[in-house]
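Engineer: The primary structure of each chain is shown beneath.
2 protein chains.
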Amino acid sequence: MKRTPRNSEKTRAHILEVAFLEIYSRGFHAVGIREIAAKAELTIGAFFHHFPTKNDVAFAIVEEIIRPGILERWISPLATYKNPVEGILGCFKTTFEGWPDDYVKLGCPLNNLTQEMSHVDASIRERTQSVLNDWIDGTERYLKQAQQDGYVKKSADPRSAAEFIVTLQEGTFAMGKALSDRRVFDSNYRSLKIYLDSISEAAKLSE
Amino acid sequence: MKRTPRNSEKTRAHILEVAFLEIYSRGFHAVGIREIAAKAELTIGAFFHHFPTKNDVAFAIVEEIIRPGILERWISPLATYKNPVEGILGCFKTTFEGWPDDYVKLGCPLNNLTQEMSHVDASIRERTQSVLNDWIDGTERYLKQAQQDGYVKKSADPRSAAEFIVTLQEGTFAMGKALSDRRVFDSNYRSLKIYLDSISEAAKLSE
Numbered sequence: 010m011k012r013t014p015r016n017s018e019k020t021r022a023h024i025l026e027v028a029f030l031e032i033y034s035r036g037f038h039a040v041g042i043r044e045i046a047a048k049a050e051l052t053i054g055a056f057f058h059h060f061p062t063k064n065d066v067a068f069a070i071v072e073e074i075i076r077p078g079i080l081e082r083w084i085s086p087l088a089t090y091k092n093p094v095e096g097i098l099g100c101f102k103t104t105f106e107g108w109p110d111d112y113v114k115l116g117c118p119l120n121n122l123t124q125e126m127s128h129v130d131a132s133i134r135e136r137t138q139s140v141l142n143d144w145i146d147g148t149e150r151y152l153k154q155a156q157q158d159g160y161v162k163k164s165a166d167p168r169s170a171a172e173f174i175v176t177l178q179e180g181t182f183a184m185g186k187a188l189s190d191r192r193v194f195d196s197n198y199r200s201l202k203i204y205l206d207s208i209s210e211a212a213k214l215s216e
Numbered sequence: 010m011k012r013t014p015r016n017s018e019k020t021r022a023h024i025l026e027v028a029f030l031e032i033y034s035r036g037f038h039a040v041g042i043r044e045i046a047a048k049a050e051l052t053i054g055a056f057f058h059h060f061p062t063k064n065d066v067a068f069a070i071v072e073e074i075i076r077p078g079i080l081e082r083w084i085s086p087l088a089t090y091k092n093p094v095e096g097i098l099g100c101f102k103t104t105f106e107g108w109p110d111d112y113v114k115l116g117c118p119l120n121n122l123t124q125e126m127s128h129v130d131a132s133i134r135e136r137t138q139s140v141l142n143d144w145i146d147g148t149e150r151y152l153k154q155a156q157q158d159g160y161v162k163k164s165a166d167p168r169s170a171a172e173f174i175v176t177l178q179e180g181t182f183a184m185g186k187a188l189s190d191r192r193v194f195d196s197n198y199r200s201l202k203i204y205l206d207s208i209s210e211a212a213k214l215s216e
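Here the protein sequences line up with chains B and W, keeping their order. Each residue of the first sequence is one higher than the one before, counting from 10 in our numbering. Each residue of the second sequence is one higher than the one before, counting from 10 in our numbering.
Zero decoy hints are in this set.
Remember, identical chains collapse to one label, so a pair may be satisfied in a single copy or spanning two.
Dumping the calculated PhoX-like pairs for lysine-lysine here, alpha-carbon to alpha-carbon at most 20 Å:
hint : residue 1 : residue 2
1    : Lys163    : Lys91
2    : Lys91     : Lys153
3    : Lys163    : Lys202
The hints are simulated quantities; they were obtained by calculation from the structure and are not laboratory data.
Extracted from the complex, chain B is given alone in its bound form:
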């Protein structure tokens, strides 16, 4: 039974959601357009109407799901902290403590797509790279602000620190997935705190 799309926008959003979950849980190469269409209970024709190629699905996943999700998770909350460094620590804790058990072995959708596809498809790389750069830029901006406000040592390099912090945020997802064990989430939280303490002007950061 094929669903008759009454609302084109809803159909597109539905395909995108189904495609995102399939690709996230099985990988970009492993999932075919036919499977996505079948899972979405749509014809291949309906699929192609909204996404002329499989890459178009990848682009939409990156721009419409992954980019806003990452900025909302890692950057926007920093505005609510007087000391953004405490915000970075807080986002790390909130994210990994709240990460569902079933998703530990799936990791981060951006990291999966990047590690599978960025070296084989320049058009996908361009987009995943741009999300990562936004993530690093946002982190750097808040670290600069923290430095101006006297929370971060003058000797610290906000760009370098931002790259390191995002490496850890992505790396912690990757390690949780690789070990299939969320224990590394707590462990890396403690070590991230040691690092952030050491670039901070004040005494110890509050937990």
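With chain B fixed as given, assemble chain W onto it according to the hints.
Structural biologist: Chain W only, in chain B's frame:
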């Protein structure tokens, strides 16, 4: 023109090398057995004689290429340092400074296979996980020794630190690949040094 295998062991090693490079540069799913056989200038039959399934190639890549490569790169050299923490820093520098430009966008073979396959194939995950655990265990062992010898603070947790350090070693490959830019290698080296300094008993580590 198909090569006639005069030496079965050599043929096997040749297939493995070809398969490793193809899978490393294009991904496990993306590469077919037929392509590996063609690239190795062998018949499919010769391929199957040595590797009954594609997974058998993955297992051999992990056990015969990746595991010894990683232990040789990250663990064995630590024995030559009086202070293993300086060894960890030295291995990081040596590895990333010497990493060929062409390979920056390819990242780490273990990380690629893990991120693509560990959540979809338990038999591959079992093996990649075991390599990662060896890597973390080896790092922990040397950190414990460094702690006993007075180089690392008594308050530091060697297991947690080892997990963090390996997260960074893998994460730095992943970030270099994702950004297609080796600049993050230097940047993360500096931040790793800040972290290692902060768990070290002594003054600053030598560069």
